[in-house]
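Asks: In the order they appear, the protein sequences are chains A and B. Per numbering that gives the first Met the number 0: the first sequence = residues 0 to 285. Per numbering that gives the first Met the number 0: the second sequence = residues 0 to 587.
Any given hint could turn out to be false.
Covered by chain A, according to a simulated footprint, are these stretches of chain B (three or more residues, beta-carbon under 8 Å) [said to hold, decoys possible]:
hint : region
1    : 100-114
2    : 328-339
So the derived list for chain B, only partly shown, Cβ under 10 Å to chain A, looks like this [to be verified]:
hint : residue
3    : 444
4    : 447
5    : 510
6    : 538
Distance windows between CB atoms, simulated [said to hold, decoys possible]:
hint : chain 1 : residue 1 : chain 2 : residue 2 : range
7    : A       : 148       : B       : 312       : 43 to 49 Å
8    : B       : 422       : A       : 266       : 51 to 57 Å
9    : A       : 247       : B       : 236       : 29 to 35 Å
10   : A       : 88        : B       : 144       : 45 to 51 Å
Since the hints were derived computationally from the structure, they do not count as laboratory data. Quick caveat, the model's predicted, so the values are computed rather than measured. We put the CB at the ideal spot given by N, CA and C, even for glycine.
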Amino acid sequence: MTSMAGGGLATRRELDADLRGFREVQRLSYACAEAVAAQLRPGVTEREAARMQRDWLRERGVRDWFHLPFAWFGDRTAFTGFRIPLQFFPTNRVLEPGMPFILDMAPVHKGYTADIGYSGCLGLNPVHDRLLADLEAHRELILREVRERRPLREIYQDVERLMVRQGYANRHRAYPFGVIAHLVHRTPERRWSPQLFGFGVQSLKGLASDALHGHREGWSPLWSPYRFSDHPPHPGLWAVEPHLGFRGTGAKFEELLVVTDSRDPQESAFWLDDDLPHVRRWQGLS
Amino acid sequence: MAAAASATERWVRTGEVELCVAEWGDRTQPTVLLVHGYPDSKEVWSQVAEQLADRFHVVAYDVRGCGRSTAPSPLRGGYTLERLTDDFLAVVDAVSPDRPVHLVGHDWGSVQAWEFVTVSRTEGRIASFTSMSGPSLDHFGHWIKQRTRRPGPRRVGQLLGQGAKSWYVYALHTPRLPEAAWRGPLGKRWPRLLERLEGIPAGDYPTASLPRDGAHGAWLYRDNVRRRLLHPRTDPFAHAPVQLITPIGDAFLSERLYDDLDQWVPQLTRRTIAAKHWVPRTRPDQLAAWIGEFVSTIEASGRSSVRTGSPKPYADRFGGQLVLVTGAASGIGRATAFAFAEAGARVIAVDRDTEGATRTAELARLIGAPQSWAETVDVADEAAMEKLADKVTSEYGVVDVLVNNAGIGLAGSFLDTTTEDWRRVLDVNLWGVIHGCRAFGRRMAERGQGGHIVNTASAAAFQPSRALPAYSTSKAAVLMLSECLRAELAGQGIGVSAICPGIVNTNITATTRFTGVTEEEQKRRQEKSSRLYGKRNYPPEKVAEAVLRAVARNQAVVPVTPEARGARLLGRISPKALRGLARINPPM
């Protein structure tokens, strides 16, 4: 999204059109997550759940991916015992009653990218309910501190501190580079869209080019606990994914945060869409 | 017996024998039937029965030839398990004719009860069975058969181990001698033996009928053991849920006897308890709690457990126990509270930080603690700790496991450490532990039913360092205190463990005071040390696992992280090298 990243803010109309595109694909992804979650039954494996997401989105015109859909069941939602990145890929783990699950997908639709995470559980699981409820504070904290233009590394540490105070472990640390978020972009539509280790090559190219630019200018498209994230929020669309873990149960949300270079705090950062399953859930609770 | 005042006694006739049956409590409540072992009479149950009587209709009877029951004549052939089953059915017909009973057996009472719960003619008469220290002779027979048929080194070891523990069984098979011994010197010395070897306080137990109980009871062995062990029944499947309570210090029965029990019992709940053989006398509170909980669950749901999935580690050991953890609002204390909660313990989370302690207690309930509470107390405050102990004892009971974990950090050279700094670190790290041990340890000892105290020391307790003089001193004191206390309380069945974690990723670094530097520098050092500890990233959950293991195994000193274990080892091999390490100034 060069219009934002470039600094010179493009016309409002262009921006709105872009955001509408991103919002549409994010809604599509959450619709997919809800549809697939509704079909999950005891005995379904992670691989089957991942395939269900893939098929559902392909039927609706998705041809390229930021990354292929993931599905984690049971204690894999908290990444228990994860040591190498290959363990993120769906396995033959079978869903059982009471088990938590997470669906995570990043489709590219009409050139717009989404990256979402959906947590649920099969039947009753009070621990999982609690984790989901406690994620609300993180969504608020992240937005508030981004608007304050705090360095991303500090925000990361504040999120981690809040998790520890809540009694949980920070599980997004298990992601590559320990990221809590990464930038996403418009992705050019090509006839051939290959994947590399589950990631779309076009999207990886975008990320790599960002990394190169950022390296020269002192920012990074990866929001991590490391020194290279010690800079104020960079304008663009950030896919933010705080991930809580508590004794074999994990929960996360992932959605797009819009960061602009506007001086107005309200305009400088906002969640792309507030009509999402987890947000509706909190509103229903409060 | 002491409880006889509140119990009513009556006689039940079965064949030529009259059985003396005692009853406590409300007859409309579910019936709990207690069967005693050898050489005992129903008095062995008096303490357990009294505790259960407020919720249940409790019944205990003297086995034929014991206590006030009459003996069969002739004795030979009068003690077969078939005859004993007749007795059981006669008692059940008398005390609970139209409702199945909850059976509890200890020692030979449990051996008999296994027969009752596995034969078809009692089906529908037994709602549940709690077994302690008495295996089914049929299961035992199969256990031996399996091990002799395919004797690997481990199986032979198990056979020899149990074979040695069964010495008295062989002795009881000699004719006449056991009877003479019981009527002579053994009968006279038995109470003193029990007190010395088993820790049973002298008093109204054992009763005057002991020589007769011991002499007649020998026929339990002679009539059954050889026959059943050589030719075990092929279908000894339990037709009721079973709760197995295994004392790990039992001198007569190996824990391994119950390894294959799942194949015979479809609904099995396992419990282990750190005690010797005579648990009805030495651990009545714990037994009453477990029996009460088991019976209530079955009365409510008809099943032994509604929980699904594999049992959590140590659930057999800590289920229902009362555990108090100080410093439970964060770090190792919180992780320890969670680990105990997962094992089914009732948890009291104590901390200065009310919000954190409340949070710990709330989450503990979510992951399996049947009850949990948060208490706001500064461990350095003696009066507050004493008040806490009073409150806990009166409202929740005597603490079974105490974890003195609260502690603070203090870094900086000795010459920069002020008296006030010293006072603060000793107040929390050492006096906090002392207050905890005094307030709760005394109550534990007074109850006389065992328990465990865990003190969180540190690797700094044996690894000197020029950077942590005050902290290391306080922790070394905690380590030595634990060792001394362990020696003192060993005789009362109370274990004491010192945990020495090492470098663990908790917020202790963020709150550590660095002496002799400016506020700004202090903040920088806190951040830097937090980052270093974060990079080391040893999770407090692993320390919590070590705490549970230390209690289950009654370990004395437990260094946890590799660096802690390394330092302890180095201190033994080459103390000089350890002193060399102490001179290094950590990069801050």
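Asks: Taking the hints in turn, state whether each one holds.
Replies: Hint by hint, here is what the structure shows:
1. 100-114: violated (count 0)
2. 328-339: holds (count 3)
3. 444: 33 Å, violated
4. 447: 35 Å, violated
5. 510: With Cβ-Cβ at 13 Å, over 10 Å, it is violated.
6. 538: Interface hint status for residue 538(B): holds (8 Å vs cutoff 10 Å).
7. 148(A) / 312(B): 43 to 49 Å: Once the Cβ atoms are compared, 47 Å apart, the range 43 to 49 Å for residue 312(B) and residue 148(A) holds.
8. 422(B) / 266(A): 51 to 57 Å: Since residue 422(B) and residue 266(A) have Cβ atoms about 54 Å apart, the given range 51 to 57 Å holds.
9. 247(A) / 236(B): 29 to 35 Å: With Cβ atoms ~34 Å apart, the hint holds.
10. 88(A) / 144(B): 45 to 51 Å: 48 Å, holds
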